[in-house]
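J.: Chains as they are written, first to last, in the working numbering: chain Z, 82 to 276; chain F, 944 to 1020.
Short derived list, chain Z residues pointing at chain F, Cβ under 8 Å:
#1 Cys143
#2 Cys195
#3 Phe198
#4 Leu199
#5 Ala218
#6 Ala222
#7 Thr224
#8 Gly225
#9 Ser233
#10 Ala234
#11 Asn235
From chain F, some residues computed to sit far from chain Z (all C-beta separations above 12 Å):
#12 Glu964
#13 Glu969
#14 Arg972
#15 Glu1001
Keep in mind the hints are simulated off the structure, nothing from the lab.
Glycine residues also receive a C-beta, built at the ideal position from the N, C-alpha and C atoms.
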Amino acid sequence: MLLALSATAIVIVVLLWEVMAPTVAEWWERHRARRAVVPGFDHDPGRERRAEQRARQLLKSCVNEEEWAMYRDLGFIRVWGRGGEGVEYAYLIYPHKPIIAYLPQTGVLLNEYCVEFLDEERPYGSRRLPDSDDVLAKWMALTGDERRLIDSANMHLPGRQVDPKMVRRDLWRLSQWERRRIAGDRRRDAGQLPA
Amino acid sequence: MKPGHGEVLIAEGDPEVTEEERELIEAFRAQLDLGMWAAVPLTCSAGRREAQMVKSFEEIPRDADRVIFFPRAAGGC
Chain Z
82 MLLALSATAI
92 VIVVLLWEVM
102 APTVAEWWER
112 HRARRAVVPG
122 FDHDPGRERR
132 AEQRARQLLK
142 SCVNEEEWAM
152 YRDLGFIRVW
162 GRGGEGVEYA
172 YLIYPHKPII
182 AYLPQTGVLL
192 NEYCVEFLDE
202 ERPYGSRRLP
212 DSDDVLAKWM
222 ALTGDERRLI
232 DSANMHLPGR
242 QVDPKMVRRD
252 LWRLSQWERR
262 RIAGDRRRDA
272 GQLPA
Chain F
944 MKPGHGEVLI
954 AEGDPEVTEE
964 ERELIEAFRA
974 QLDLGMWAAV
984 PLTCSAGRRE
994 AQMVKSFEEI
1004 PRDADRVIFF
1014 PRAAGGC
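Looking at chain F on its own, in the form it has when it is part of the complex (with noise of 0.2 Å):
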């Protein structure tokens, strides 16, 4: 998923799958390719949601159910 003007789906498939697999990982780099951010909403104790920023495929915890991709930040003002 990325936002940007709405929620865009890029890819989607289990990754348990090997063809599957690929076409995430693929999806994967070029959206890190294009410069952007990815990250993985988390449910941690007592109902506290973070993100887990992810720089690489294999950090993405296995049963995560979604990445999402953003702008990296830049200083503005």
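So here's chain Z without its partners, still in its complex pose (with noise of 0.2 Å):
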């Protein structure tokens, strides 16, 4: 008879552990999760305000004027592209967004390139760059070389990741920006503006 109860009482302990067992490990995988230690930063909201002042200073003194009162003003710089072959193309490079390349002839948008510099350094838990810094690294990258950047890319129709719409629009403020400019200029050359 006891021995009977104890090979039940066995096998009901060993069913039971089949059965609960993975819940057990969950259960401790959780409470292990909880009780890690993570690595945290202190939260400074002034940080990456400060960080982003001086990434546009650096970016202010490598573009030159015209490409930094672009930013500035739009948000975005032209890059003329050097290859092409005797067409003339350009890209539009944003923070953190595609670079956008196109015809500036005629407005048609012909690739996104999707392109990341990440800080692996993580100097603040965060390998995204400030937003001129991420300008800075893809104007350097373009106009230094220009197809080791768009062989490092992934290359796309556009409207995958930027609206078209939002691009044309954008290419429609620059040339009104342009022609402000030129007309600044002119009025200043006839010295009807202070320089």
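Two chains, two frames, some hints: make the complex.
T.: Laid out in structure tokens, this is it:
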């Protein structure tokens, strides 16, 4: 009798273990995860703003006056393509968005080049560069070695990441902005505006 | 200099001074070993600006006042 009860008890325990084991293991993993020490970073709301300000100064010191004014006023920079074999093309550089290639004569959008510059040192827990540093990295890579950057990027048709309507609107804004600048330069040359 | 949550000065010195040049070379190689790209901002004709990518210390123009390191490009999105 005792032997039969013992055998039954053992079978029950084994069956229960089979049923409960995954639940117990999951509970234990969750318990360990809750108690694990996760490296934290002191949140400083002004730090990213200060970093962005420094990045803007660095960008301003590298690009020319027109490109800086373009970025300041419009939020992107146009860089002329250097290949093309006679066909004039250009890129629009936005912070943390794909690089847009287009034909300035017609406004036709050619491609989106998805490229990232991730800071693996994660200075404050994030690999993401400040906006102006991202623009500077794209500008340096495009003007310094356009082919290498394009080869590093993932190429897509227009519209995959960036709304073509927004890009066309930005191209229109750029044309208006350039007209105003040219008009301002003419007035300045004519002595109607202070330099 | 290096972008990355604000400009960071890595090393500075006069490459004409042997000791300082050695330190600059070491700092340059250390950044490239970390996988960074290096570029020198240049002013071209008619005020046009561009960058010159450099892969070795010897490629840096002698009159360059700074080299900027930035993370290498990777396909994204």
